[in-house]
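Enquirer: Sequence:
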Amino acid sequence: MEQIRVLLAEDNYDHRRLLLLALRAGGPQFGLTTARNGTELIDAARNEKFDCFVLDYSIPPDTASDLVPKLNEIQPDVPIIVVSSSEAQLVVIESLRKGVADFIPKNDAIQTPALAERVQQAVSNAKRRAREQRRIHRRMQNLEAHANTDALTGLLNRRGLERIMTGRLLSGDRRGTLAIYLFDLDHFKRINDTFGHHEGDRVLQAFGRILAQEAGTNTIAGRWGGEEFVAFNHEADLASAWAWAERVRRRVETEVHLPLGDQSQTVSIGVDLIPTAEFTTRIIERADGALYFAKDSGRNRVCTYDMVAIHAHALDIASTPRMTPRTKLLTLIKRLRSTLGPTQLEQVGTHGARVRALSNAVGTAISLSEEEQASLDLAAEFHDIGKLAIPDSILRLERRLTKDERLLVLQHPWFGAQIVAACGGSELATAAIECHQNRFDQSVPVWRCPYRLARIIGACDAYAAMTSKRAYAPPLAPQEALTELTDGRGRQFDHDVIDVLRSVDRSTRRAA
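For the sequence shown, my numbering assigns the number 3 to the initial residue and increments by one for each residue that follows.
Keep in mind that the hints were calculated from the coordinates and are not lab data.
Just so we're clear, the structure is a prediction, and the values are computed from it rather than from any experiment.
We put the CB at the ideal spot given by N, CA and C, even for glycine.
Wrong hints could be hidden among the right ones.
As the list claims (entries may be wrong) - Straight-line C-alpha distance at most 30 angstroms; calculated DSS-like pairs for lysine-lysine: (1) K471 with K297; (2) K336 with K191; (3) K72 with K51; (4) K297 with K330; (5) K330 with K405; (6) K129 with K72; (7) K129 with K336.
Unchecked claim - The calculated label-pair distances, taken between Cβ atoms and stated as ranges, are: (8) T485 with E216: 53 to 61 angstroms; (9) R211 with G300: 49 to 57 angstroms; (10) S395 with R165: 30 to 38 angstroms; (11) H497 with I166: 44 to 52 angstroms; (12) P261 with T366: 51 to 59 angstroms; (13) D443 with A367: 21 to 29 angstroms; (14) T256 with R141: 25 to 33 angstroms; (15) E486 with G198: 53 to 61 angstroms; (16) R472 with T256: 32 to 40 angstroms.
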């Protein structure tokens, strides 16, 4: 039998002894502790857990009216029984008003089994109330969980997400960074219209399962509404945040298939990274802007808010019709200069100029058309313009890039093409920028544009990089660089371009 732990407070020695005897007569299940005054009572209640308090109404200089509120504050769910030699109505009323479980005349408590019975009943009632409260609490938790959970995917719904966003969970660590992701399933309306809502629900469930698996315990994820989903986590840097979103994108493309043919479902994703201290509920608008940039740029990709901001500057500058594309791009760099790091400025400055000079020499040697040469010059000079959206802290690393960092850096040719197109660059120039890092053996080996221009830029870019001081490697002598390029001839680099680059006048290469 489980022991009932009772704390008895009585200042009179004889009465205390008699009350103890009355409780012991009730059976061995009572574990008894005594207190001689209010101070001992409160100290014992603070240091040990009890199932019931029994106290005389008057314990000079205190009364039950003074002590009961203190006991309720220390152990709020423990029943209190007051005994008193006075049976005056006011004493009884005052005791019950203070929240005691029961009142017993002292004579009855000493001379009858009433005290032990009342203690057992009070403890039983308290335990029943505790069970009921736990049941109600679990029910409320379940109702709360259902109210905050999307029934279709099992993720948080918008109500649940907004409660977290307005709470302290996301903004608690004000020293860190918070990554925000917004997902939109591409062409989702077409799925419902073509295959029916049952198929649309299946796609939503499949995406929710992937998002939940990738989220694990470190990411908060939920359905924002319709085919849009939101996630938050404390990623350390933009590369890690972008790579996490890219893993989700690739899994969707690989694992979620539509009923007819080999079509895969795709998702567009917007990413933003902010200091946790700057988090507000409106901050999701930045990730929303990145999401729509991803959708406007062809869908099935991950874009960052930095890309949105830079592209917006490019569009603003492009609204001046009298400026050439090159002038617009130079104006963009000038406008953003205060936000750029030294490596970014070198890539779009000195390095770009070197690659343009080398590419121009190769283009002249193979007799490009005037249109091709103009596009090559622009593309070569600004082939790294997309690095404006890559943190300078990553570009200047003195070690080999991690997989996540490399994945982010590899986005710069695509984004550079978007910037050059926004500034009025030709289709040849934008295609050459987007393809300039493609390996020769991974694309159709024809000596025509845009591969023609892209392969010239790719080889000249590699030569200029190898013969310049880099954060991760010392510069090579020109002949050493040409030897490395020759080793990659026919695999990484176009063999015809390498042959022309080797034949370009040495003074031209040195000047570049």
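Enquirer: If a hint holds in the structure, say so; if it does not, say that too.
Expert: Here is what the structure says about each hint:
A hinted pair counts as satisfied when its Cα atoms are at most 30 angstroms apart, and K471 with K297 does not qualify at roughly 38 angstroms. For a cut-off of 30 angstroms, the pair hint linking K336 to K191 is broken: about 42 angstroms separates their Cα positions. The straight-line distance between the Cα atoms of K72 and K51 is roughly 15 angstroms, inside the 30 angstroms bound, and the hint therefore holds. Distance restraint check for K297 and K330: the Cα-Cα separation of roughly 25 angstroms lies within the 30 angstroms cut-off, and the hinted pair is therefore satisfied.
Taking the CA atoms of K330 and K405, the gap is about 34 angstroms. The hint is violated against a cut of 30 angstroms. Restraint check: the Cα-Cα separation between K129 and K72 comes to about 21 angstroms, which is no more than 30 angstroms; the hinted pair holds. The straight-line distance between the Cα atoms of K129 and K336 is roughly 74 angstroms, outside the 30 angstroms bound, and the hint therefore fails. For the pair T485 and E216, the supplied restraint of 53 to 61 angstroms is violated, since their beta-carbon distance comes to about 44 angstroms.
The supplied range of 49 to 57 angstroms is broken by R211 and G300, whose beta-carbon atoms lie about 26 angstroms from each other. One distance hint, 30 to 38 angstroms for the beta-carbon pair S395 and R165, holds here, with the actual separation near 34 angstroms. A hinted range of 44 to 52 angstroms is violated for the C-beta pair H497 and I166, which are about 57 angstroms apart. Separation of P261 from T366 is about 54 angstroms and conforms to the stated range, judged on CB atoms against 51 to 59 angstroms.
For D443 paired with A367, a C-beta distance near 23 angstroms keeps the hint of 21 to 29 angstroms intact. Remark: the range hint 25 to 33 angstroms for T256 to R141 is contradicted by a beta-carbon distance near 41 angstroms. Between E486 and G198 the C-beta distance comes to about 57 angstroms, which sits within the given range of 53 to 61 angstroms. Against the hinted window of 32 to 40 angstroms, the Cβ-Cβ separation of R472 and T256 comes to about 35 angstroms, which satisfies the hint.
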